[in-house]
Amino acid sequence: MKKEKELKKKRPVTVEEAFQIAGRPTVDFSNLPEDLKSYFENIYNGIVITEALNEGRKPDWDNWSEKKWRAWFRMSASAFGLRHTIYDITNSHAGSGSRLVNFDEETAEYSATQFKDVWKEIQIG
Amino acid sequence: MKKTVQLEESKARSMYKTASPEFKQLLEDTFGKDFFKTSVEDRIFTIEDAITETGRPSVPDFNCVPTDLRDFFKSVYKCLVVTEAFNEGERIDIYNEDKRRHYPYFLNNGSASAFGLYDADFGSAGSAAGSGSRLSVLKSDNAKIIGERFKNEFRDMLSL
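Sequence order for the protein chains is A and B.
Numbering-wise, this note's numbering puts 82 at position 82 of the first sequence, and it's gapless, one number per residue.
Numbering-wise, this note's numbering puts 147 at position 147 of the second sequence, and it's gapless, one number per residue.
The following block holds chain A by itself, in its conformation from the complex (with noise of 0.2 angstroms):
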């Protein structure tokens, strides 16, 4: 119960907060074609966002023991949001690598939750 608590204080509310305890720089995506600019911005604070909930461990993709949690979302204009979780051991499907992946179910629903807004501008594209 300690150990839930500590980590819950540890949790990032904001995406901000996600930079500094990742200890990420933010970045210029300025080089790159106009209409991908969002999209690879979004991809880098969901990176980041992953990595401050993950507390600096990165997934083991080849791990078979290691359960890899993702958010599932309901696609949706007015109510996009959390559908639920699930994990992968052997199995991954495209875009759902080790860079955005979290290590339990509850920190999966956190991040999707929390951050909805970047994981919905990353499905929009």
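Everything labelled a hint here was simulated from the structure, so no lab data went into it.
These numbers come from a predicted model, not from an experiment.
Check each hint, because a few of them may be wrong.
[Stated by the list, open to error] To give a feel for the contact side, a few chain A residues facing chain B, derived at Cβ under 7 angstroms: (1) 23; (2) 27; (3) 28; (4) 39; (5) 61; (6) 97; (7) 98.
Each residue gets a CB set at the ideal place from its N, CA and C atoms; glycine is no exception.
The hints should help you fit chain B onto chain A, whose structure is shown.
Only chain B this time, still in chain A's reference frame:
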């Protein structure tokens, strides 16, 4: 007075689909009839092919991101351009539940050497974190083709 119009191949292919008979004839006279006959799976085999098809700039060096993330971002860009090429310019509306978004599904198999395409899956009302409109194709067959043909690029994107 004469004026010269420059048209990228990708743009010509896109315009051909909805062109009037007269404009179609003009395009065929300029690019050749066979140019418009080949299907996307018969002309995209490499990243360079996909870049030519889409008219996108070559893979950026991503010097703007921290060093350890550069290869990851390059692989995302490659997969994105391949996806765009196979969608032939059509953007996917993620909120349209009637339109399926197909993507390749891989079996990790525990090592880089055994990595490979498992199947093609689709989403219509739901989507996983990180996928979305930029990495989904409109046809199931094309999801399988890109998963096999660009396996290494997808593996890099998933594992780096």
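Evaluation of the provided hints:
The interface hint given for residue 23/A is violated, since its Cβ lies 10 angstroms from the closest Cβ of chain B, which is over the 7 angstroms cut-off. Look at residue 27/A: its Cβ gets to within about 5 angstroms of chain B, closer than 7 angstroms, so that hint holds up. For the restraint placing residue 28/A at the interface with chain B, the shortest Cβ-Cβ distance is roughly 6 angstroms, inside the 7 angstroms limit, so the hint holds. The beta carbon of residue 39/A is positioned within 7 angstroms of a beta carbon in chain B (closest approach about 6 angstroms), and the interface hint is therefore held.
Restraint check, residue 61/A versus chain B: the minimum CB separation of about 4 angstroms is within 7 angstroms; hint holds. Residue-level restraint check for residue 97/A holds (minimum Cβ-Cβ distance to chain B is 3 angstroms; threshold 7 angstroms). For residue 98/A, the shortest C-beta to C-beta distance to chain B is roughly 6 angstroms, which falls under 7 angstroms, so the interface hint holds.
Hint check: a violation occurs at hint 1 only; the rest are consistent with the structure.
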